[in-house]
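Quick note, the sequences are listed as chains A and B, same order.
Sequence positions in the first sequence follow this note's numbering and run 1 to 523.
Sequence positions in the second sequence follow this note's numbering and run 1001 to 1108.
You may find that some hints are simply not true.
[To be verified] Stretch-level coverage of chain A by chain B, calculated; a stretch enters the list once three of its residues show a Cβ under 8 Å from a Cβ in chain B: (1) 169 to 175; (2) 290 to 300.
[Unchecked claim] Each computed DSSO-like pair below joins lysine-lysine, with the alpha-carbon atoms no more than 30 Å apart: (3) A:K169 - A:K364; (4) A:K499 - A:K166; (5) A:K107 - A:K95; (6) B:K1030 - A:K165; (7) A:K178 - B:K1030; (8) A:K95 - B:K1030; (9) A:K166 - A:K178; (10) A:K166 - A:K37; (11) A:K178 - A:K165; (12) A:K169 - B:K1030.
Please keep in mind that the hints were generated in silico from the structure rather than gathered at the bench.
As the structure is a computational prediction, the values presented were derived from the model and not from experiment.
Glycine is no exception: its CB is placed at the ideal position from the N, C-alpha and C atoms.
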Amino acid sequence: MKEGFRQAMAWLHTWVGLIFGWLLFAIFLTGTLSYFKDEITHWMQPEVQAHPLDNARSLAMAQTYLQQQAPNAARWFITLPDSRQPGLSVMWQDKVDPGKRGNFIRKRLDSLAGSEVQARESMGGEFFYRFHFQLQMPYPWGRWLSTMAAMVMFIALITGIITHKKIFKDFFTFRPRKGQRSWLDGHNAVGVLVLPFHLMITYSSLVIFMSLVMPATIVASYGSTDAFFDDLFPATTNAPALGQPAPLLALGPMYDEARRQWGGGHVERLVVNNPGDVNASVNVIRAGSDRVVHDFGSVVSFNGASGEVVRVSTEQSLPMAISGSFYGLHMGHFAGPVLRWLYFICGLAGTAMIGTGLVIWLGKRQLKHAKTGVMPFELRLVEVLNIASMSGLMIAIGAFFWANRLLPVGFVERSNWEVQSFFIAWGLTVLHAMLRRGRQGWVEQLSLGALLFIGVPLLNALTTSQHLGVSLVQGDWAMAGFDLTCLGCGIFLAWAAWKMQHRAVAQPKAERARAMHLKGGVN
Amino acid sequence: MLLALLLCYVGFTALCLSTDRHHGELLHSKPSPNRRLALRLAGWLLLIVSIWPAVHTTDWGQGLVEWCAVLMCSALLLVLLLPYRPRLALILAGFSLLASPVAAVAIL
Chain A
1 MKEGFRQAMA
11 WLHTWVGLIF
21 GWLLFAIFLT
31 GTLSYFKDEI
41 THWMQPEVQA
51 HPLDNARSLA
61 MAQTYLQQQA
71 PNAARWFITL
81 PDSRQPGLSV
91 MWQDKVDPGK
101 RGNFIRKRLD
111 SLAGSEVQAR
121 ESMGGEFFYR
131 FHFQLQMPYP
141 WGRWLSTMAA
151 MVMFIALITG
161 IITHKKIFKD
171 FFTFRPRKGQ
181 RSWLDGHNAV
191 GVLVLPFHLM
201 ITYSSLVIFM
211 SLVMPATIVA
221 SYGSTDAFFD
231 DLFPATTNAP
241 ALGQPAPLLA
251 LGPMYDEARR
261 QWGGGHVERL
271 VVNNPGDVNA
281 SVNVIRAGSD
291 RVVHDFGSVV
301 SFNGASGEVV
311 RVSTEQSLPM
321 AISGSFYGLH
331 MGHFAGPVLR
341 WLYFICGLAG
351 TAMIGTGLVI
361 WLGKRQLKHA
371 KTGVMPFELR
381 LVEVLNIASM
391 SGLMIAIGAF
401 FWANRLLPVG
411 FVERSNWEVQ
421 SFFIAWGLTV
431 LHAMLRRGRQ
441 GWVEQLSLGA
451 LLFIGVPLLN
461 ALTTSQHLGV
471 SLVQGDWAMA
481 GFDLTCLGCG
491 IFLAWAAWKM
501 QHRAVAQPKA
511 ERARAMHLKG
521 GVN
Chain B
1001 MLLALLLCYV
1011 GFTALCLSTD
1021 RHHGELLHSK
1031 PSPNRRLALR
1041 LAGWLLLIVS
1051 IWPAVHTTDW
1061 GQGLVEWCAV
1071 LMCSALLLVL
1081 LLPYRPRLAL
1091 ILAGFSLLAS
1101 PVAAVAIL
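Please build the complete structure, drawing on both the sequences and the hints.
Here it is in structure tokens:
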């Protein structure tokens, strides 16, 4: 009975892992990249210069700018630069007839000079972040599919713990250079060593989308999920405009007061409603990076004309705190540089666990057909998908970064074309994997990926003035870190390609040696 | 976070040495039952104690997250070092043990 149960779990682990493995690999890798979303965006928009932070000055400049450009707007949004994201961004909404929504206009300012910055159009790191849960599909299908993948991941994790029962006993075991054995060791090692992260990231992703996945309780007590969200996040009760003009006070003191209320917490955004009206209101919104437990509605509201505090948001309720803590843990907004890198490593470990699993599935079955050299269609299909989903995805990511530097700044639909080049490159790798024999396909794609990534710092040096020599000297760690990480990744891919090529030759030799040995034993 | 990392790494190395297989691989001998027990106890103790520096320098929420991250990554580091650079793995553990009092003084 017990053995039967374990076999059933192994079966589930094998097949569920295979069918969703390719998708999960992409979700995990792009999700891992999203931990450096702001840094990637910074690299992809090199026109936005990083300066030492001076929020009081930035805020004053933003206010002056908006006062000149949009004195009659319905609403202003000011996003201040922080240590990860150097741009000062302002946005305003035009005033239009009641009942209609005005247009939003967004500008990026230099945080030191206050002048407009013409940055190239690019989604930056936001692309990876969006892709990892929307999968470039229309709402809500992408979210549905990624949530389903998360559910499957959870099943695969639990069945995996049951299947690989020896993972806790062989906790420290990793034996490289032993073929199939090493892949299994690696799969188990990255699985069990980083297990808390895997469980946390998978479970929290389900919590984040719980209203999508399990709306029954919400619908039963609220009638619809919309009513639930209205109750959860009540529309900010900002006073309506009275039509009497009154000058808006300086935002600096309100910013300071809000920070004082939060005991030194940081500000993410300021929203000014009806600037220039006697009933203007200023909402200062707290940064999510302050605490592990994410609070969606931490706001201090002021009257913009008199400067008095109108409302301070209350402490969040316990259920909100629980859901906020899962959200916070998943996103890791609170993480400083070191912890962020640890998050990144854990994410890579998760990606590696999925990748090794896929390789093991195929390797086990390929052995049976090794002698004849002819692979049945289904194994060939898995092989093509393995190659395209792993090395192909790396090429696609590389192509995305290259497109960012090579597409002319004034190109129409530029940021769209960056995304297109990601998918075109990915599609081409599928074609390539179909045309080339397995190992050859791996070697060629890994080599191309290595070239693309090693080329990133060079490309950056050729096309911008922010190459490593400059960024390292200036202490622009996001820019330098991106270049160096790409370089490291390229070297890793080159190593992997070399390993693949090398083993293609070494393997038969070892096999032959073993065969000879066996023969000798028989004789 | 540094002290927590050092303690976790030493703790995992001790736990690793408390198994026959790894003790044999690293030190080329079979551990006596007493030694095995001592290593195991020391390992668990160090892992538990390492929570303290993590939460001491920040609050409990952030501290526990940091502790978990350090716990996972130190184990990952050890397991990756073991097959390729076993001596380095041991040297690092010795160094961590020596450096941890210094790190402890630094955060007090």
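How the hints compare with the structure:
1. Given a C-beta distance limit of less than 8 Å, the hint that chain B covers the region 169 to 175 of chain A holds, as 5 residues qualify and 3 suffice.
2. Figure legend: the region 290 to 300 of chain A, annotated as covered by chain B; annotation consistent (3 residues with Cβ-Cβ distances under 8 Å, at least 3 required).
3. With a CA separation close to 23 Å, the supplied pair K169 of chain A and K364 of chain A stays within the 30 Å bound.
4. Note on K499 of chain A and K166 of chain A: the hinted pairing holds, with a Cα-Cα distance of about 28 Å set against a maximum of 30 Å.
5. Distance restraint check for K107 of chain A and K95 of chain A: the Cα-Cα separation of roughly 17 Å lies within the 30 Å cut-off, and the hinted pair is therefore satisfied.
6. Simply put, K1030 of chain B and K165 of chain A have alpha-carbon atoms about 25 Å apart, close enough for the 30 Å limit, and the pair holds.
7. With a C-alpha separation of about 25 Å, the suggested pair K178 of chain A and K1030 of chain B falls inside the 30 Å cut-off, and the hint holds.
8. For the suggested pair K95 of chain A and K1030 of chain B, the alpha carbons sit about 80 Å apart, so the restraint of at most 30 Å is broken.
9. The hinted pair formed by K166 of chain A and K178 of chain A meets the criterion: a straight-line CA distance of about 18 Å does not exceed 30 Å.
10. At roughly 37 Å between alpha-carbon atoms, K166 of chain A and K37 of chain A are farther apart than 30 Å, so this suggested pair is violated.
11. Between the alpha carbons of K178 of chain A and K165 of chain A the distance comes to roughly 21 Å, so the proposed pair stays at or under 30 Å and holds.
12. Taking the CA atoms of K169 of chain A and K1030 of chain B, the gap is near 18 Å; set against the 30 Å cutoff, the hint holds.
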